[in-house]
Amino acid sequence: MTAEPAERLTDIGPPHFEKFLPPVVKANYGKWDSHEILAPGIYVHTAESGDKLYTIRAATARLISVQKVRQFCDIADKYCDGHLRWTSRNNVEFLTTKKENVEPIKKEIEALGHPVGGTGNSITNIVHTQGWVHCHSAATDASGIVKAVMDELMDEFTNMRLPGKLRIALACCLNMCGAVHCSDIAILGIHRRAPEIDHERLRKMCEIPNVVASCPTAAIRPTSVDGNPSVEVIEEQCMFCANCFTVCPSMPLNDPEIDGVSLWVGGKVSNARHEPMFSKLAVPFIPNNPPRWPEVVEAVKNLVTVWADGARPYERMGEWIERIGWPRFFEVAGIEFQKEHIDDFKHAVTTFNTSTHLRF
Amino acid sequence: MTAEPAERLTDIGPPHFEKFLPPVVKANYGKWDSHEILAPGIYVHTAESGDKLYTIRAATARLISVQKVRQFCDIADKYCDGHLRWTSRNNVEFLTTKKENVEPIKKEIEALGHPVGGTGNSITNIVHTQGWVHCHSAATDASGIVKAVMDELMDEFTNMRLPGKLRIALACCLNMCGAVHCSDIAILGIHRRAPEIDHERLRKMCEIPNVVASCPTAAIRPTSVDGNPSVEVIEEQCMFCANCFTVCPSMPLNDPEIDGVSLWVGGKVSNARHEPMFSKLAVPFIPNNPPRWPEVVEAVKNLVTVWADGARPYERMGEWIERIGWPRFFEVAGIEFQKEHIDDFKHAVTTFNTSTHLRF
Amino acid sequence: MADKTKATGMLAELKDGPYPSFVKEIEAAAEKNEMAQDLIGLLELSYNEKLCHWKHGGIVGVMGYGGGVIGRYVDVPEEFPNVSHFHTLRVNQPAAWFYKTEALRKICDIWEERGSAIMNIHGSTGDIILLGTTTAQLEPVFSELTKLGFDLGGSGSVLRTPSCCVGPARCEWAMFDTLKFAYEHTMKYQDELHRPYFPYKFKFKFSGCPNDCVASIARADMSFIGTWRDDILVNQDKVLWYANEKKLDIQEIVVDRCPTKCMEWDGKELHIDNRNCSRCMHCINVLHLALKPGKDRGCTILIGSKAPILEGAQLSSVLVPFMRMEPPYAEDEATAEDLPELIDNIWELWGEEGKNRERVGEFIQRIGMGNFLDAIGLEPAAEMVSHPRTNPYVFYELGEEDEEEEDE
Amino acid sequence: MADKTKATGMLAELKDGPYPSFVKEIEAAAEKNEMAQDLIGLLELSYNEKLCHWKHGGIVGVMGYGGGVIGRYVDVPEEFPNVSHFHTLRVNQPAAWFYKTEALRKICDIWEERGSAIMNIHGSTGDIILLGTTTAQLEPVFSELTKLGFDLGGSGSVLRTPSCCVGPARCEWAMFDTLKFAYEHTMKYQDELHRPYFPYKFKFKFSGCPNDCVASIARADMSFIGTWRDDILVNQDKVLWYANEKKLDIQEIVVDRCPTKCMEWDGKELHIDNRNCSRCMHCINVLHLALKPGKDRGCTILIGSKAPILEGAQLSSVLVPFMRMEPPYAEDEATAEDLPELIDNIWELWGEEGKNRERVGEFIQRIGMGNFLDAIGLEPAAEMVSHPRTNPYVFYELGEEDEEEEDE
Ligand code: SRM
Ligand code: SRM
Ligand code: SRM
Ligand code: SRM
Ligand code: SF4
Ligand code: SF4
Ligand code: SF4
Ligand code: SF4
Ligand code: SF4
Ligand code: SF4
Ligand code: SF4
Ligand code: SF4
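Protein chains in written order, with the numbering used here: chain A, 2 to 361; chain B, 2 to 361; chain C, 58 to 465; chain D, 58 to 465.
The following block holds chain A by itself, in its conformation from the complex (with noise of 0.2 Å):
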């Protein structure tokens, strides 16, 4: 490493965390006894020692200005001493030891458009991703489905009037950084189409061997183009993944009428009850429809409606699938079961039905 100027500060890490703790937080730390939910979004924790902290949850859209940001410190300035923190799931929580105050932060937060809600057997907010606000590798948009599918939603963030909870997650690309795989409803961009080979610039800028490496399924071959070394793509072994792409720029496979969006159920995360779950195919492609993609609105509505609709309490999206079986979800769901449905990938064949076990 190069020397630095004397003043230049690295590895630092982020701020001790008790810093930023509420000073009721500081003293109950660790010795909460209880909370109860009293209303959607609005949440107490009472202490071992008795001392209450009301906690108002609203929804924010992630992609956020610094000018909402200091809307939100407005408020937690003048009711919560400054402290106010975000969710795992990218909601904003103010906290406060007054219950007076509970109310007007909810109106103020309502009033700047941020609906109170999330808390309990609800749909919170989308964990999503970058889409074509900032990723080279979207097949769609993240920002724009989120918006539309929960606005459409937005009546079960505001009750807890469902089965169960219900988390509804978006990645834009096959690489699923908003971790799709293990939510009750995933929606993923999709390729369906191999890359195409800008040959030129594969010479540049790419190394072969690791572009070979990249390929899950080794579509990707080496060879010569007019005397160059350079790759080729076995088109009928290549499913879209897209890896050759994060690795090699020389290899696009977007296209605005081929690429899409999947959708995919009956994930979860919790231990509760049931193991946690991937999220499995349901809807294999809907095209690429903005600003307001209203065919995967109406799907997911739709998801959402028949499971509220046949589950029992507590029963997750997967977990109901489980009790009724596939086949009756692709019934109810009014979903046609096709090719792409059936697993063939590494360990395909376990997930076969391998039992007489079927209903009529």
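The set of hints was computed from the structure by calculation and includes no laboratory data. From a predicted model like this one, the values you see are computed outputs, not experimental measurements. Misleading hints may appear alongside valid ones.
[As the list claims (entries may be wrong)] Cut-off 16 Å, straight-line C-alpha distance, at most; resulting in silico cross-link-like pairs (EDC-like, lysine to aspartate or glutamate):
{"id": "1", "chain 1": "C", "residue 1": "K204", "chain 2": "B", "residue 2": "E8"}
{"id": "2", "chain 1": "D", "residue 1": "K72", "chain 2": "A", "residue 2": "D152"}
{"id": "3", "chain 1": "C", "residue 1": "K112", "chain 2": "C", "residue 2": "E135"}
{"id": "4", "chain 1": "B", "residue 1": "K347", "chain 2": "D", "residue 2": "E368"}
{"id": "5", "chain 1": "D", "residue 1": "K295", "chain 2": "A", "residue 2": "E37"}
{"id": "6", "chain 1": "C", "residue 1": "K318", "chain 2": "A", "residue 2": "E316"}
{"id": "7", "chain 1": "C", "residue 1": "K245", "chain 2": "B", "residue 2": "E49"}
{"id": "8", "chain 1": "D", "residue 1": "K81", "chain 2": "D", "residue 2": "E106"}
{"id": "9", "chain 1": "A", "residue 1": "K347", "chain 2": "C", "residue 2": "E368"}
{"id": "10", "chain 1": "D", "residue 1": "K245", "chain 2": "A", "residue 2": "D12"}
{"id": "11", "chain 1": "C", "residue 1": "K349", "chain 2": "B", "residue 2": "E49"}
Use these hints to put chains B, C and D with the ligands onto chain A, whose structure you have.
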């Protein structure tokens, strides 16, 4: 094909089954109404017509002399109008419409040394294979272990006091002709050393590409030995499946001190309650100890006992273990969990515990 | 010299005990048969050395057949010349293993004269195994067997001897005629059974109901398992009889063990939500005098089970969720009339594209179930999987619509 | 020209509706910020063309760090010169995302001056994402951030920014101090976080209980999830209160949903067979005023989860069934004192033998879990698997005993 003598019969297939069905079966074919187990090994089927058919089931060793078959025939001629059958697990069954024949048949067959039983919630005959009696692949004997184990478990053949059915199977090598892969308890002959290559004979007898292709782990590579083409085995990659030996006799794996037996538990075939399940590794290795394999007998007996003690009515071995969890199974069975138990073949990752569901 | 007809040493220790002794069987045969005598000696050697003494078989068989005989040679022929050749013949059993003594006695006679006088009744696939004879005796044995009306079963890369459960012959739960289908499939495919046209072995097994008494789901490349589609027939009086007379705890033993939890019991009536019943048979098995499968019967066809070599063991998986196996056949459903075509399509595809020694289950793994279905002309059905894929590695095929858009 | 600070066309349609609009956020930023203005235009272009307009980043960053910045360039720089460079900085969040307004406002000031005035609170890994600036601004932003006490988070083949649930700060179920462990692991491994020593990325996440509110089991190479070993604490009066006052159907909602069926409810008392409880949290979640986790607390450590690229997605699997995370540490159990060594051993092994871009979960798949355990010095435990192997393809290692016998 060469011309055949005119009288030579081929492709005639087996006799039509109707030739061998007892009259009462023909009369009530497909019209049976119900059955009842009157005593271990003895059951009656009642037809819609009211006709009754009594069945007396007795153990046989499967490996049987013509003399014994004739003795069975004598009994069948005397009491059953010459009708008898074998079951899918190699027990012999005498069929009669006369209730008064039941006891005499039982007496006579028992007098021949063939106990009556194997019905209902019992341990029926062990499905097994050739072993040292006939197969070149055998890592252990079949008939000997079966005899020793069944001698020990005979009380569970002649009684019906177990929680559910318990099916034991034995295969003398990984080819698993006994299809032990779905048994409550499976006894499996195993090699534990890589093949020794007889390069001289290999050259004459085996096709090198076939040999190379036969290895599931790609442990076999073409090489040349003393200037002649042959193969070599990368020992760390060999897991002793002997598939190369099946294809090429010059690669034997047999070794008196290294070969032995492993035990597997919790498989099932029927769809009753739980879907069919594979058996899972319980005891990785027990040395061959003829003539009575006392360690194997003891280990099997122990498995039967812990299951019989712990299972609820109708819970098969695998269902019981699933309920109590594998860690508890290893604990109550007194078996040490070892590296060998952890899968490392193709779908290994699907067998890992991806939850915090743990019992302490 | 010791008496060659008697086991001494280690083997003798396997003569005692309540379970029938295979050693005594060999001894019985050995009284008049020299092959059986040498088998005793050879086995004793194996027991002492903990080693088997058989060598690979090479190609032996009967004329015109590619299977049915397993060749076997001993590696110590000097010591045991009578088993120096010791080939087995697999004799195709009659469906469901029913016999008349007459036929059995004749087989015994043939085998006493021309073989070891020892057999397996039955082998794991279902054949009668005639255990050990010389090459010279193969044709004569075959000729006498066929005269008696018996033929050889399968071995090698052929259709293996089909087998079936006792089914309609003695079981009230047989949802289709297992014996008939086993017999007919054996007869129709005699050529495939005797001559190795396939990449590897192929097995059919037929079980009349989900209890699967021939282990078809674990041991057949194509498994036929009876089932029903309508409601379970309930005789409530008999249910009460089980509860009151037999003191059977219906809640614990039946209702709580139901895998889909689709039953309710209020102490008086048993209610079944048949739409959610997965036809597991448990309640019927236990309350068999009170419950019976429905009347709309047929079978589920599954594909691909096998032992571990090469790619790991497989269970069969659903290929046709429901097929009617008897008339009247409706137009819009899968029926036994479609079976020959289905089988042909599978064999044709696997025959052409299967690798040497690749079972059909492994073949499907390699090419993908979706592609397999496409190629044999079956529609995908959700019943085929326990759940849809979890990985996003989908080989999307662009539809016409997409292609057009692409051209724009 | 149109007003560059306002979305028109397609984007404008995303301004209505009850959910907060990201378009309005960009507009707000755009009032004073030219980067934000060009972002509106660029996004509108993407919406119209259904295509993203970003190119790969190349290597940009702050001096001495190998991560923390994602480089990004637009492919239409002529049209949108203000986003021609548009790199993001990942700023390491404080544990559990607690802030004081003072700090947040200062970050806003920095970012308004030197970046796009747009950010993500938070990114999927947990960082504050400062969304878009020029190469020239990277060092100044970094310098101002560090002066404020903030540092960059991870990107590339480094330890990624650890994250944790709110845990003991506000949750009664935190079975260990998630904030403390997240903070300490962030501080201890600053070097690994900023400099790419690894084959690929590595993530730590800490959840206080099996509810796993940071999705650690799905999104962390090493997942720490709180649990307990002793009995669930039951307040029977409060259980009755739920039953009688809250009219909660304890049988259906709690007992029937218990995955191990280890509970009984007779209308008066709730009985738990704790030996069979799998610590799923369900009953505690529902009856939270009546039931509490036991007092013998610690965490389960799991390894290997990740998104699908390359070998398919994985969930983390059990590595250490139970580790005590606070004193007093007993001699004979796994405790947090063993953690540094465990982590070192894993990193060393994976660092040496992992392939380029091979996550630790994939590495374990490749070398085998058993070998992995051997190499890092952990004993195999039945808790690590959902069931033992079903295939007989065991790489037996001959023990000394066997070897001797072999030599004989
Ligand atoms: C604030 C937050 C933690 C944080 O550090 O930020 C949090 C906080 C709480 N969670 Fe959570 N969970 C939070 C993300 C999660 C996640 C992670 C995720 O969704 O990505 C999960 C796993 C989700 C999954 O399984 O896919 C999660 C699964 C749970 C569960 C299990 C629910 C289930 O039945 O599966 C509970 C138990 C319950 O609600 O009864 C729970 C319960 C709780 C409680 C009641 C714990 C407590 O006593 O304080 C907290 C608030 C009440 C409520 O209803 O929201 N929390 N919780 C996260 C809020 C996210 C949001 O803005 O909506
Ligand atoms: C005779 C035989 C069929 C044949 O064609 O030969 C047969 C006959 C019957 N079986 Fe079976 N099963 C026969 C092999 C099997 C097999 C195959 C095997 O073991 O290889 C299975 C699958 C085993 C498994 O799951 O691993 C089998 C699983 C069942 C079941 C399901 C039991 C369960 O709870 O899992 C039943 C139902 C029951 O017993 O209540 C059943 C029930 C019956 C009934 C009661 C059916 C009936 O109404 O006649 C028959 C006799 C009573 C009894 O208790 O044995 N049969 N049965 C086979 C006797 C084998 C023997 O000698 O012991
Ligand atoms: C005789 C029999 C065992 C017995 O004692 O009952 C038998 C014996 C042999 N089997 Fe088998 N198999 C026998 C039923 C089975 C079964 C069970 C079944 O059919 O239900 C299986 C498991 C199911 C399956 O098909 O996968 C079976 C799976 C194998 C395999 C592994 C095949 C695989 O794909 O995994 C091999 C190896 C091979 O084919 O190369 C094999 C190979 C062999 C060979 C030919 C040995 C070899 O390596 O070439 C054995 C000859 C033994 C001998 O010297 O007599 N045998 N074999 C069974 C046939 C008797 C009969 O016709 O009735
Ligand atoms: C910013 C962020 C998405 C977001 O909007 O929140 C993100 C953005 C990118 N991720 Fe990610 N990942 C982000 C969290 C994740 C997560 C979630 C998590 O950490 O909990 C995952 C799934 C979990 C995991 O680690 O597997 C994730 C799995 C990937 C992968 C697939 C890795 C794999 O092993 O399967 C890639 C591809 C790669 O590494 O080459 C990737 C690659 C990328 C790259 C760098 C694109 C690339 O191909 O090089 C993206 C840059 C986008 C951009 O232009 O800004 N990102 N990425 C997240 C980081 C923010 C933060 O620091 O807080
Ligand atoms: S999911 Fe794909 S497109 Fe979206 S941010 Fe991550 S890498 Fe970029
Ligand atoms: S997109 Fe994926 S499958 Fe296709 S060539 Fe690239 S790396 Fe291979
Ligand atoms: S299991 Fe192996 S040793 Fe036994 S008969 Fe079959 S092939 Fe031969
Ligand atoms: S025994 Fe099996 S693993 Fe070993 S070399 Fe032979 S085929 Fe390969
Ligand atoms: S499989 Fe079913 S029909 Fe066949 S014998 Fe067994 S119980 Fe009866
Ligand atoms: S057959 Fe099985 S699934 Fe159907 S009701 Fe009976 S026990 Fe339940
Ligand atoms: S993971 Fe557990 S301890 Fe952490 S916030 Fe969620 S419920 Fe509380
Ligand atoms: S924590 Fe889960 S497993 Fe344990 S008793 Fe409660 S519901 Fe049952």
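Numbers of the earlier hints that this structure fails to satisfy, in rising order: 7, 8
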